[in-house]
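Enquirer: As you go down the protein sequences, you meet chains U, C, A and G in turn. Numbered by our numbering, the letters in the first sequence go through residues 1 to 152 in order. Numbered by our numbering, the letters in the second sequence go through residues 153 to 304 in order. Numbered by our numbering, the letters in the third sequence go through residues 305 to 384 in order. Numbered by our numbering, the letters in the fourth sequence go through residues 385 to 464 in order.
You may find that some hints are simply not true.
Calculated pairs, DMTMM-like style, for lysine to aspartate or glutamate (alpha carbon to alpha carbon, straight line, at most 20 Å) [stated by the list, open to error]:
| id | chain 1 | residue 1 | chain 2 | residue 2 |
| --- | --- | --- | --- | --- |
| 1 | G | K396 | C | E216 |
| 2 | U | K116 | C | D279 |
| 3 | G | K402 | C | E216 |
| 4 | A | K322 | U | D127 |
| 5 | U | K75 | A | E361 |
| 6 | G | K396 | G | D410 |
| 7 | G | K418 | G | D430 |
| 8 | C | K227 | G | D397 |
| 9 | C | K228 | G | D400 |
| 10 | A | K316 | A | E360 |
| 11 | C | K209 | C | D279 |
| 12 | U | K76 | A | D350 |
| 13 | U | K130 | A | E366 |
| 14 | U | K72 | A | E361 |
| 15 | U | K72 | A | D359 |
| 16 | G | K429 | G | E440 |
| 17 | U | K54 | U | E100 |
| 18 | G | K402 | C | D214 |
| 19 | A | K349 | A | D365 |
| 20 | A | K322 | U | D62 |
| 21 | C | K290 | G | D439 |
| 22 | U | K130 | A | D336 |
| 23 | C | K290 | G | D430 |
| 24 | U | K116 | U | E100 |
| 25 | U | K138 | A | D317 |
| 26 | U | K75 | A | E360 |
| 27 | U | K72 | U | E139 |
| 28 | G | K402 | C | D295 |
| 29 | C | K224 | G | E440 |
| 30 | A | K316 | U | D62 |
| 31 | C | K227 | C | E171 |
| 32 | C | K224 | G | D397 |
| 33 | U | K56 | U | D127 |
| 34 | G | K396 | C | D279 |
| 35 | U | K138 | A | D350 |
| 36 | A | K316 | U | E13 |
| 37 | A | K322 | A | E361 |
| 38 | G | K396 | C | E171 |
| 39 | U | K130 | U | E64 |
Just so you know, the hints here were simulated from the structure itself, not pulled from any lab data.
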Amino acid sequence: MFHQFQEDDFFMEDNIKIEILTKEINALELEQFVANPACGGIVTFTGTVRNSTKDKKVLRLDFEAYEPMAIKELKKIAETVFEKWAVRKIAIQHRVGSLEIGEIAVVIAVSCPHRKDAFAACEYTIDTLKQTVPIWKKEIFEDGEVWVSAHP
Amino acid sequence: MFHQFQEDDFFMEDNIKIEILTKEINALELEQFVANPACGGIVTFTGTVRNSTKDKKVLRLDFEAYEPMAIKELKKIAETVFEKWAVRKIAIQHRVGSLEIGEIAVVIAVSCPHRKDAFAACEYTIDTLKQTVPIWKKEIFEDGEVWVSAHP
Amino acid sequence: MNIEIVAFGIAKDIIDGKMLNISISDSASIGDLKKHLLEQFPAFKDLVSLSFAVDEEYQKDEYLLKENQTVVIVPPVSGG
Amino acid sequence: MNIEIVAFGIAKDIIDGKMLNISISDSASIGDLKKHLLEQFPAFKDLVSLSFAVDEEYQKDEYLLKENQTVVIVPPVSGG
């Protein structure tokens, strides 16, 4: 049977928080989730909606996710991050729906005892998210719309 | 003559915000300062006070800065960042005074059209800050205190 | 056998809908299904990549399908 | 000539105060001042590094001092 999507899918453990949200992302909330007295460094990546692509004006972005699988794939990324680096906590939120220019599409926050690990783990997470997680965005222009990265 | 320090020294331009603060740092405020409709990525480093050093319990940290020179050195770092990467905006706040465990000592936020630049620029900034900016911290233990990194 | 297809992103536009039922030979694999879809909807050929998921996991071409299984078409992802 | 020393961090503990006036030969350099301080306060020898700033800028050993100038002792920094 076809899985009935929830509005806000999520996965939560002591050290991992993953959410696909329809409402606004609160970066501060994620930074507070990963903050830890044993950690000296938190690295956060915030992805926002840009006003142009290849000099063409973007009006808004529409995000769509295959939510249960997106949560699973994000969980895999988080688990790999824990294997590869001395990460204490990780939080990932990705928004879906229609986003205006400047709005936050994704936030990834990672806390580590040592900052080098936090930078590497956070960059790995966003790079891998863009490669494997079933989320799609459509750019809406004045004269049409395009699914990003679909065509060569 | 000896320069009379202000309580909160700062440097501010359209694209650069640098502050040495005696009050609490607001990471969100810095992220909002660097956020820009032309930028897809913001990378933030948040340095917090750890509860231990080499397994020894830390009670608090006392930070001291040579503030006018710290601002100058931070400005040099920001200018180098603009030369080396396609950075749009950078904001750096460093707190001084007595900080409890878990409190934020430093926040660096960088916005770039492309995230790779934002990660590299943010990591370069914190690495260089720790090498060149005249700020010192003293760890307060139950049985004494130590100026960090002073001795081999 | 019958296979239920669910589409996301540009795949929805290509099959002109969110879901689709396909009749395919018994013991068909994901690879066979892909060939079937490329024939029925040549626009899939223009995509950078075309992946498939069953049970919320990516599956390789060799994966053997079962009657009434749901297969999700995963066109090139672009989150973040 | 007279040189005004300002100390931060551990340097404050070593000279036992925030400021200090030092009498040094005319045309002395930062390098000469450093030698003078290392003799007067041997504890500076134990530090990882010892730098000096004039006019809010790091200055090299060759930098020539002027009468009544203020020199800031910069012990190993540890911000962040």
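Enquirer: A separate judgement is required for each hint: does it hold in the structure or not?
Expert: Quick rundown of the hints versus the structure:
Note on K396 (chain G) and E216 (chain C): the hinted pairing holds, with a Cα-Cα distance of about 11 Å set against a maximum of 20 Å. The hinted pair formed by K116 (chain U) and D279 (chain C) meets the criterion: a straight-line CA distance of about 9 Å does not exceed 20 Å. A distance of roughly 12 Å separates the Cα atoms of K402 (chain G) and E216 (chain C); the hinted pair therefore holds under the 20 Å criterion. For the given pair, K322 (chain A) sits about 28 Å from D127 (chain U) by alpha-carbon distance, which is inconsistent with the 20 Å threshold.
Annotation: proposed proximity of K75 (chain U) to E361 (chain A) holds, straight-line Cα distance about 12 Å (limit 20 Å). For a cut-off of 20 Å, the pair hint linking K396 (chain G) to D410 (chain G) is broken: about 25 Å separates their Cα positions. Using a Cα cut-off of 20 Å, the hinted pair K418 (chain G) and D430 (chain G) holds, with the two alpha carbons roughly 14 Å apart. Taking the CA atoms of K227 (chain C) and D397 (chain G), the gap is near 29 Å; set against the 20 Å cutoff, the hint is violated.
Restraint check for K228 (chain C) and D400 (chain G): the C-alpha separation of about 32 Å exceeds 20 Å, so the hint is violated. Annotation: proposed proximity of K316 (chain A) to E360 (chain A) holds, straight-line Cα distance about 18 Å (limit 20 Å). Taken as a hint, the K209 (chain C) and D279 (chain C) pair is broken in the structure, with Cα atoms around 25 Å apart against an allowance of 20 Å. Between K76 (chain U) and D350 (chain A) the alpha-carbon distance is near 29 Å, which puts this suggested pair outside the 20 Å criterion.
Between K130 (chain U) and E366 (chain A) the alpha-carbon distance is near 25 Å, which puts this suggested pair outside the 20 Å criterion. Simply put, K72 (chain U) and E361 (chain A) have alpha-carbon atoms about 8 Å apart, close enough for the 20 Å limit, and the pair holds. Our distance criterion of 20 Å between C-alpha atoms is met by K72 (chain U) and D359 (chain A), whose separation comes to about 11 Å. A hinted pair counts as satisfied when its Cα atoms are at most 20 Å apart, and K429 (chain G) with E440 (chain G) does not qualify at roughly 24 Å.
With a C-alpha separation of about 18 Å, the suggested pair K54 (chain U) and E100 (chain U) falls inside the 20 Å cut-off, and the hint holds. Proximity of K402 (chain G) to D214 (chain C) is assessed by CA-CA distance (about 16 Å); at most 20 Å being required, the pair is judged to hold. Under the criterion of a C-alpha separation no larger than 20 Å, the hint pairing K349 (chain A) with D365 (chain A) is consistent with the structure, at around 16 Å. The hinted pair formed by K322 (chain A) and D62 (chain U) meets the criterion: a straight-line CA distance of about 16 Å does not exceed 20 Å.
Between K290 (chain C) and D439 (chain G), the direct Cα distance comes to roughly 25 Å. Violation of the 20 Å bound is thereby established for this hinted pair. Distance hint between K130 (chain U) and D336 (chain A) is unfulfilled; the C-alpha atoms sit about 27 Å from each other, more than 20 Å. Taken as a hint, the K290 (chain C) and D430 (chain G) pair is honoured in the structure, with Cα atoms around 17 Å apart against an allowance of 20 Å. As the CA atoms of K116 (chain U) and E100 (chain U) are separated by approximately 33 Å, the hinted pair breaks the 20 Å bound.
With a C-alpha separation of about 12 Å, the suggested pair K138 (chain U) and D317 (chain A) falls inside the 20 Å cut-off, and the hint holds. Restraint check for K75 (chain U) and E360 (chain A): satisfied, since their Cα atoms lie roughly 12 Å apart, inside the 20 Å limit. Between the alpha carbons of K72 (chain U) and E139 (chain U) the distance comes to roughly 26 Å, so the proposed pair goes past 20 Å and is violated. Of the supplied pair hints, the one linking K402 (chain G) and D295 (chain C) is violated, its CA atoms being roughly 24 Å apart against a limit of 20 Å.
Note on K224 (chain C) and E440 (chain G): the hinted pairing holds, with a Cα-Cα distance of about 8 Å set against a maximum of 20 Å. For the hint linking K316 (chain A) to D62 (chain U), the alpha-carbon distance of about 14 Å falls within 20 Å, and the restraint holds. Taking the CA atoms of K227 (chain C) and E171 (chain C), the gap is near 10 Å; set against the 20 Å cutoff, the hint holds. Among the hinted pairs, K224 (chain C) with D397 (chain G) is inconsistent with the structure: their alpha-carbon atoms are about 25 Å apart, more than 20 Å.
Only pairs whose Cα atoms come within 20 Å are accepted, and K56 (chain U) paired with D127 (chain U) is rejected, the gap being roughly 24 Å. Of the pairs offered as hints, the one joining K396 (chain G) and D279 (chain C) is violated, with about 25 Å between alpha carbons and a cut-off of 20 Å exceeded. Restraint check: the Cα-Cα separation between K138 (chain U) and D350 (chain A) comes to about 17 Å, which is no more than 20 Å; the hinted pair holds. Distance restraint check for K316 (chain A) and E13 (chain U): the Cα-Cα separation of roughly 34 Å exceeds the 20 Å cut-off, and the hinted pair is therefore not satisfied.
Restraint check: the Cα-Cα separation between K322 (chain A) and E361 (chain A) comes to about 19 Å, which is no more than 20 Å; the hinted pair holds. A threshold of 20 Å between alpha carbons decides the hint, and for K396 (chain G) with E171 (chain C) the separation of about 24 Å lies outside it, so the pair is violated. The hinted pair formed by K130 (chain U) and E64 (chain U) meets the criterion: a straight-line CA distance of about 13 Å does not exceed 20 Å.
The structure fails hints 4, 6, 8, 9, 11, 12, 13, 16, 21, 22, 24, 27, 28, 32, 33, 34, 36, 38 (numbered hints given earlier, in ascending order).
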